[in-house]
Amino acid sequence: MPRLNAQVKLKSILRDYYENLEAPLAWCTSAGPAEILRAMGFDVYFPENHGALLGASRKALKYIPRAHQAGYAGEICSYLTADIGAWLMHETPLTEAYGLPSIPRPDLIVFNTNQCREVAEWFNFFGEEFDCPVVGVFPPRHLEEVTRADIDQVVAQFRNVIAVGEEVIGKPLDPERLKETLRLSLEGTTLWKKVLETARNVPSPLTFFDGTILMAPVVVLRGTQVCVDFYREALAELEELAARDVAAVPGEQVRLYWEGMPIWGRLRFMADLFVEQRACVVASTYCNSWVFDDFDPDDPLPSMAAAYTKIFINRGEMTKLEYLRRMVEEYRVDGIIFHDSKTCFNNTNSRFGLPRKLQEATGIETLSIDGDLNDLRFFSDGQTRTRLETFIEQLTMKSMSM
Amino acid sequence: MTHDKSTYYLGADLGSSFTKFVVIDDNGNMHFRRTIPTLSRHRELQSQTVAEIHERFPVAATCATGYGRQKFECDLRKTELICASAGVSHLHPVEKSIIDIGGEDIKIIESGPGGEVRHFYMNDKCSAGTGAFITEIAERAELEIAEMSDLARTSQSSRVINSFCTVFAKTEILGWKFDNVPIEDISRGIYLSIVKRIIKLPMRSDLPVLMCGGVVAFHPYLRDLLAGELQTEVQVVEDPQYAVALGAALLAQRSFATSMSEN
Ligand code: SF4
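Protein sequence lines correspond, in order, to chains Y and B.
Take any residue in the first sequence, note its place counting from 1, add 191, and you have its number in the numbering used here.
Take any residue in the second sequence, note its place counting from 1, add 127, and you have its number in the numbering used here.
Because the hints were derived from the structure by calculation, they are not lab data.
Careful: at least some of the hints might be erroneous.
[What the hints assert, rightly or not] Below, computed lysine-lysine pairings styled on DSS-like, alpha-carbon distance capped at 25 Å:
1. Y:K384 to Y:K501
2. Y:K548 to B:K327
3. Y:K384 to Y:K200
4. Y:K533 to B:K327
5. Y:K533 to Y:K548
6. Y:K370 to Y:K385
All values derive from a computational prediction rather than experimental measurement.
Only chain B is shown next, with the shape it has when bound in the complex:
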């Protein structure tokens, strides 16, 4: 073990695509973070990572979150919304609206300064507008995910994908390809359709708007577009893909502190 004097807390965010681990100390400082694929054939990778964490840090409490939380051995399970709210509030202890775009859903959270969830909204009926949507459409449009943001920035097009359904959206994109729509406009069109979807969700934009989640980490142009559409400042939190795992670790710490004080 490398750090045996302090107490450490593990947050594990078992998302639909990736599992994120974060280890923090009593002061909320991050000492470890890692992302691995969630898919079942990587089960071993998960147990190896957990073993490595326990090897390196004396973990006092673990909190699991994400769709896979029920199956993860831990002291505490909390939903992604509660963890996102806790994680973002650690970095931004103010009243705020959080937009978390994940692999398969979009979440809107009205969050208090201390991380309390005041209201929330989840769009999870289908993958339209989520990470999975971008990946599928980009594949059909033969776009490199890593280049999309930079490409989109150079476009002025206001073309959007109209369909709510990923399957129909793919057909629409096929039409764009046949019409020789430039890839810059296709990239922007994909982002714009997501942003148009987000601004219709119930959200208070009179509060500071903060974005987290894996998608915005890889598609930074989403933030710019959203700020434009909302006509307000939109910030991406530091290490957005780890905000939820960080929140989980913080909740593990809080729950450990409460149980210690009760004893």
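One chain only, chain Y, in its complex shape:
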């Protein structure tokens, strides 16, 4: 039985979403310009959500080897390998979950390499499979500061997305509809941020693992009223729990931050492990990646360009350090777990010395664990348990001695 009403509600929302996906349909990366596509009249499908489903349903390992046979290496994005493998085997978890015969056919494919170049390879593969137009947005990468010139460059590329989209759909984009979509998107993302912020309460009513489930609408339904309504209700529920100090992890003793991708096939294992240790993962970079403060309905394209270029994964090390320092403070975190995700170099931040720099700057303890978003061959239950239990005990002893 889910702990939160929002989790129950979510099931029917996702069912409606998947069952009603219709042509004209566009595919989009999770931090791509979905609002433009929606405003043009496309239904929008997100392959990354499918990738996460493949992981969470533990089907990924069945499909990944098929992608290897097709020439995709074991060390590259396991969303990509799981998704392409499933396609080549003519299967999808959407059949069992929602009765869809296959993943929905795209009329247009749009990606943004603000997160990684892997999406270009991934989406281009499907462009060929479906013989469908593919448009890429290639913003400047790994920025400390995002300048006017950077934004102008991205706006120009968004215009290109619009031009191709208009050709596919056969009518021009209505600027008013774009404003309205962005207004809904802003409202949805703002409510999502507030949902996450309920975890600032001590004890937290919410864990990172709840967040990875509750985030689905801000990814796949951003820019719709459904998304706004969902988070409004979820927020009311969580605020009420926070007001009564209801803890997501009973007896919360240690508060942690999760940096990196979720390990989709082991969410339950990890969530249980933290409960056992009375440790709550209260915040994460991942869940916060769909907070887009910059959206401005009165200035749609530049504000979207700013928001989508400023995402954490697209920033330089100094900006990342500052961001994590702020999160540690705001969420009163005792320690940070860096997930070294073997097939997602882009969402792994422990390899250029960031944990040590953060430790030196803030005194916060950090731990790096090996794993992967989807490929569980890179993950060991036993080794992860040993590291996490030791780390939590280390933090407990530290707080007792202070």
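Since chain Y is already given, all that's left is putting chain B with the ligand on it; use the hints.
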């Protein structure tokens, strides 16, 4: 039962290769210790040993540690790192760096005088540099494990195995064999490659460095080499292969004492 007046505590360290049992009394004195293979076909041996311990000692609390701890019936489960820190601190109640080389991993622990884990590092992605690594390479090099330390001591060679991967390392050793590299140099080379790996791990060598774990018990030359490379004194704790099980027994005792005082 032979000892029915005192209270006893059992520590069980269920490692990847061997399971170690230690029984202590309230003063931390060791009354029993035994090592058995962990492999599943020896399950019976494990239950027989546990039965024997309970037969001989009125055990008040048991703590299990090691990769097999989740499956062992006990009052308390703690990780090997926490137990190593507790066990070594019982013998050396100072601030220190602990190096625990086990069958399948290397652990570095910065440990406080009372056994608190301040920082730790685990190298467990592959077996390179661990007990399993030595066994496999030694087998390929046709070396007797028991003789390796003495052989290595007689060598001055600075040859090392370069590969991180055990499979590649075995190929390298094959090359050495073809080149007729003397077995003394091969022995030293195996140890040197492990030591070179260890000194790159994040560790404070301004603190006393103490080694524990089964590997150093059987390969004492590792200590000498490490001391040389670190240019500091390195000590091997007494009965290094039992340090973790001892720590587990001590934690069982502490937790029992806490629960008694709470009641
Ligand atoms: S960010 Fe990582 S997980 Fe996401 S698509 Fe790119 S490589 Fe894959």
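Each hint, compared with the structure:
As the CA atoms of K384 (chain Y) and K501 (chain Y) are separated by approximately 16 Å, the hinted pair is consistent with the 25 Å bound. Between K548 (chain Y) and K327 (chain B) the CA atoms are separated by roughly 19 Å; this keeps the pair inside 25 Å, and the hint holds. Proximity of K384 (chain Y) to K200 (chain Y) is assessed by CA-CA distance (about 19 Å); at most 25 Å being required, the pair is judged to hold. Distance restraint check for K533 (chain Y) and K327 (chain B): the Cα-Cα separation of roughly 22 Å lies within the 25 Å cut-off, and the hinted pair is therefore satisfied.
With a C-alpha separation of about 22 Å, the suggested pair K533 (chain Y) and K548 (chain Y) falls inside the 25 Å cut-off, and the hint holds. Simply put, K370 (chain Y) and K385 (chain Y) have alpha-carbon atoms about 22 Å apart, close enough for the 25 Å limit, and the pair holds.
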